[in-house]
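Construct the complete structure from the given sequences, taking the supplied hints into account.
Given next are the chains, with one letter for each unit.
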Amino acid sequence: MDNASEYVIEMLHITKEFPGIRANDDITLQLRRGEIHALLGENGAGKSTLMSVLFGLYQPEEGVIKKDGREVKINNPNDATALHIGMVHQHFKLIDVFTVLDNIILGAEDTRLGFLQKKEARKKVQELSDRYGLRVDLDAKVEDITVGMQQRVEILKMLYRDNEILIFDEPTAVLTPQEIEELMQIMRGLTKEGKSILFISHKLNEIMEVSDRVTVLRKGKYVGTVNTAETTKEELSRMMVGRPVQLVVDKTPAVPGEPVLKIEHFTVPSQLHKNDAVKDVTFTVRAGEIVCIAGIDGNGQTEFVHALTGLEKASAGKVTLCGHDITGASIRQRSEDGMSHIPEDRHKHGLVLDYTLEQNLVLQKYYEPRFQSHGFIKFEAVRSYAEKLIEQFDVRSGQGPVTVARSMSGGNQQKAIVARELDRDLPLIVAVQPTRGLDVGAIEYIHSQLVAQRDAGKAVLLVSLELEEVMNLSDRILVMYEGEIVGEFDPKSVTVEELGLYMAGAKRQDRKEE
Amino acid sequence: MKEKKEPFLRRNGARSVLASLISILIGLLAGGVVILIVGLATPSLGLRSAWDGIRLAFFGILSTGRDALGRLTFGFNPVNIGNMLFRATPVILTGLSVAMANKTGLFNIGASGQYLAGTCATLFIALSIPSETVPPFVIWLLAFLGGMLAGALWGSIPGLLKALLNINEVIACIMTNWIAANVVTWLFDVSNLKNLTESTKSGYIYKTTFNNVATAKLGLDRLFPGSQVNGGILVAILLAVAVYIVMSRTTFGYELKACGANRHAARYAGIRDKRNIVLSMAMAGALAGAGGSLYYLAGNTEFFWNTYQSLPAAGFNGIAVALLAVNNPLAVIFTGCFMSMLNIAGLQIKNLTGYNEYITDVIIAVIVYLAAFSLIIKLWLGGRKKKAAPAARTVTPDKADEGKEAQK
Chain A
1 MDNASEYVIE
11 MLHITKEFPG
21 IRANDDITLQ
31 LRRGEIHALL
41 GENGAGKSTL
51 MSVLFGLYQP
61 EEGVIKKDGR
71 EVKINNPNDA
81 TALHIGMVHQ
91 HFKLIDVFTV
101 LDNIILGAED
111 TRLGFLQKKE
121 ARKKVQELSD
131 RYGLRVDLDA
141 KVEDITVGMQ
151 QRVEILKMLY
161 RDNEILIFDE
171 PTAVLTPQEI
181 EELMQIMRGL
191 TKEGKSILFI
201 SHKLNEIMEV
211 SDRVTVLRKG
221 KYVGTVNTAE
231 TTKEELSRMM
241 VGRPVQLVVD
251 KTPAVPGEPV
261 LKIEHFTVPS
271 QLHKNDAVKD
281 VTFTVRAGEI
291 VCIAGIDGNG
301 QTEFVHALTG
311 LEKASAGKVT
321 LCGHDITGAS
331 IRQRSEDGMS
341 HIPEDRHKHG
351 LVLDYTLEQN
361 LVLQKYYEPR
371 FQSHGFIKFE
381 AVRSYAEKLI
391 EQFDVRSGQG
401 PVTVARSMSG
411 GNQQKAIVAR
421 ELDRDLPLIV
431 AVQPTRGLDV
441 GAIEYIHSQL
451 VAQRDAGKAV
461 LLVSLELEEV
471 MNLSDRILVM
481 YEGEIVGEFD
491 PKSVTVEELG
501 LYMAGAKRQD
511 RKEE
Chain B
1001 MKEKKEPFLR
1011 RNGARSVLAS
1021 LISILIGLLA
1031 GGVVILIVGL
1041 ATPSLGLRSA
1051 WDGIRLAFFG
1061 ILSTGRDALG
1071 RLTFGFNPVN
1081 IGNMLFRATP
1091 VILTGLSVAM
1101 ANKTGLFNIG
1111 ASGQYLAGTC
1121 ATLFIALSIP
1131 SETVPPFVIW
1141 LLAFLGGMLA
1151 GALWGSIPGL
1161 LKALLNINEV
1171 IACIMTNWIA
1181 ANVVTWLFDV
1191 SNLKNLTEST
1201 KSGYIYKTTF
1211 NNVATAKLGL
1221 DRLFPGSQVN
1231 GGILVAILLA
1241 VAVYIVMSRT
1251 TFGYELKACG
1261 ANRHAARYAG
1271 IRDKRNIVLS
1281 MAMAGALAGA
1291 GGSLYYLAGN
1301 TEFFWNTYQS
1311 LPAAGFNGIA
1321 VALLAVNNPL
1331 AVIFTGCFMS
1341 MLNIAGLQIK
1351 NLTGYNEYIT
1361 DVIIAVIVYL
1371 AAFSLIIKLW
1381 LGGRKKKAAP
1391 AARTVTPDKA
1401 DEGKEAQK
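In order, the protein sequences belong to chains A and B. Counting along the first sequence from 1, when you hit position 335 you're at 335 in this note's numbering, and nothing is skipped either side. Counting along the second sequence from 1, when you hit position 326 you're at 1326 in this note's numbering, and nothing is skipped either side.
If you're looking for bench data, these hints aren't it; they were derived computationally from the structure. Even glycine gets a Cβ: it sits at the ideal position worked out from N, Cα and C. Any given hint could be a false lead.
Okay, the calculated beta carbon distance ranges per label pair [to be verified]:
no.	chain 1	residue 1	chain 2	residue 2	range
1	B	Leu1029	A	Lys73	45 to 55 Å
2	A	Asn75	B	Trp1051	41 to 51 Å
3	B	Arg1275	A	Asp26	46 to 56 Å
4	A	Asn227	B	Asn1166	54 to 64 Å
5	A	Gly457	B	Arg1275	34 to 44 Å
6	B	Arg1275	A	Arg406	42 to 52 Å
Below, the structure is given as structure tokens:
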């Protein structure tokens, strides 16, 4: 090997433009043989675009790609495959009803006289699986195996094609903590065997743990490449966001005031089974405090929020908001009585994706006199209101108020929803997983906004699955397990381990009702 | 960055219009090729007839017959244009019906049934109220509104099924189409309207003029003398403008479109999604019903009824009209006129050449087929734009920077 091939892949001065946005602006990425190289950036920083360029899905306007020091042209994914570049996508590309083996060989089958030669394929896959510790059941159908195993199938697919350069696009987003740990082991094993890995992520902990070097992108621009051993989480987040980032929420003790939301003996039937999803829940949220419902996913939080906000019906109990009984009220009535709602699923409930940003920003307000007269929309008023919110909440998009919501990045979509809900200035904010899938900069921003709302005397009911967020943000923690509140805690006097025991149902308190 | 003038091809509307025009042009050219092949293959026609046929296919609306030497002559032909407007009226309305439903996320394939419901209600009202005691204009108005109402009721059935039971509106629409065909057959069978009509050899013919009810000409007959045109086309245009305004300018349209684009988000925002789905279908039905109503109120049309009523083609042509118009209510006026223009061209081909008039059905079929492709053509136009854009950028780097500043 000559010394030109210290780098197995080099992307030099890549520039890629889309209408209204320069997604990649003079970006350089050099991947050494046998390293794990993390690509770090906020949502919309240009990571996916850069990988699509490497994979031949987009053609860059400027810049060159070199493989082993020689310039190559990648016009389509087949070219990338021929150069032994493989990718595990964030959303797996597997056929559910095929077996694991069939999925691995699909598209690269050996045939003799038109007949599949699975025997040799099986031998090869088995060998690879043993060598890299990728435990899979070759004869199981993909629909029957866990997400973690599906990911191992994707990795085997790349190895089966003798790929040298492996791209992992946000691989941990769908995994449990144990599966993440296992994946890290696998990645280290792969590099020992001479594979080179590009690891796309915005989770700092994982990058610190597994990568050798990190390249940081910000708003489509190249910020720098650093050795992981010589940097810190704080340094990386500063590079990524462009300013020092508060990784811990800065807040003063809460000063709870009058009760805003009172929930008594609230019961919600399940859509999935005969039992109740939420059972006899009673609690109060006061003005000026953040109350958090913690719990493992699927313990009735979604049903609880849907019934509280009027999307579903409760079967028993009473809800009082600012003195009004809203138990059976319509969604609009709840909204007018003072409830704003940052929904869990921003694509299903939060946005009309085919509407423009400005249309989405007035989703609950379009009928108010300031936005309409005699049923006709005042377009000027909508536009100037949208411009105000976009400015105030720093919502970034290609074409400002007239950007179609679907074309915005996830983080900015969420920012738009948060902007819309907080600007309504209502006494109660129900925020469900408000930072899911967001990067540190956006998380910090949304957390600080929620704290600001609390300090302005709003009642905040937060529902979150992330313990770090729960511990960081809340003034009071309620743990929900199988539809019941099994414990109430002060975040300052409880440990994560203790909470975990309640969340798993191993312990429960006898709570005296308020 | 307000209202910066964008290059022509980058404007969404311009691309839609261009895509539809390309569909139409390819359709006409394909029709021309068919005419040519048929002409060359038929000894009695030959190249000369084929050339006449092609010219008529493109410009039949302007045909004024043949001169003394037997050559085709072209010019302003008020009869053709008047007839075109007359025939456009029902397809504009069914096109509006489909386009409006599409805008709210519903595929109204039931325009035929709603059209039939409108036809039936209109004829019953127009023929049953005695014109000796009630002024004909009042009967006309009642018959028209009755037709719209019947269409609305018929359209709201699939709407209700969708809203309350989550049954796909396409299936419900197809079923209500055939139910309408059978119900209308039965209603005419048991009605005493039979006594009012001339009984012909195999069925009954109903005309609203039996009862002196007909749409006013509103002076259009003086503009296009000798044609069948009447005020109905103006009603259709008014309705198209009204639909456009409602859908694009009002909070009601905002709600309807929100429900269509994302029912869950609309619900989350406190919009009554179920009510809006029913209203969308009812309004679409009312428009299709108005189409049937205006066609038979014209005074020069006959509703031919015998033992079995089939589905009217106007309903299905509405789908093509809406597709070609990319669901824009104003564009529906033009695509509706275009479809009826082809119809007129077909008559000219039949009258002036040895060709069968059904050759235009081939052209219409190709255009409808391509209308479904107009989205692809639009994307293709968009793709060209993308490649052209970077070049434009490098010429004006200042502007690109401006854009980036604006984003920050």
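Hint numbers contradicted by this structure: 1, 6
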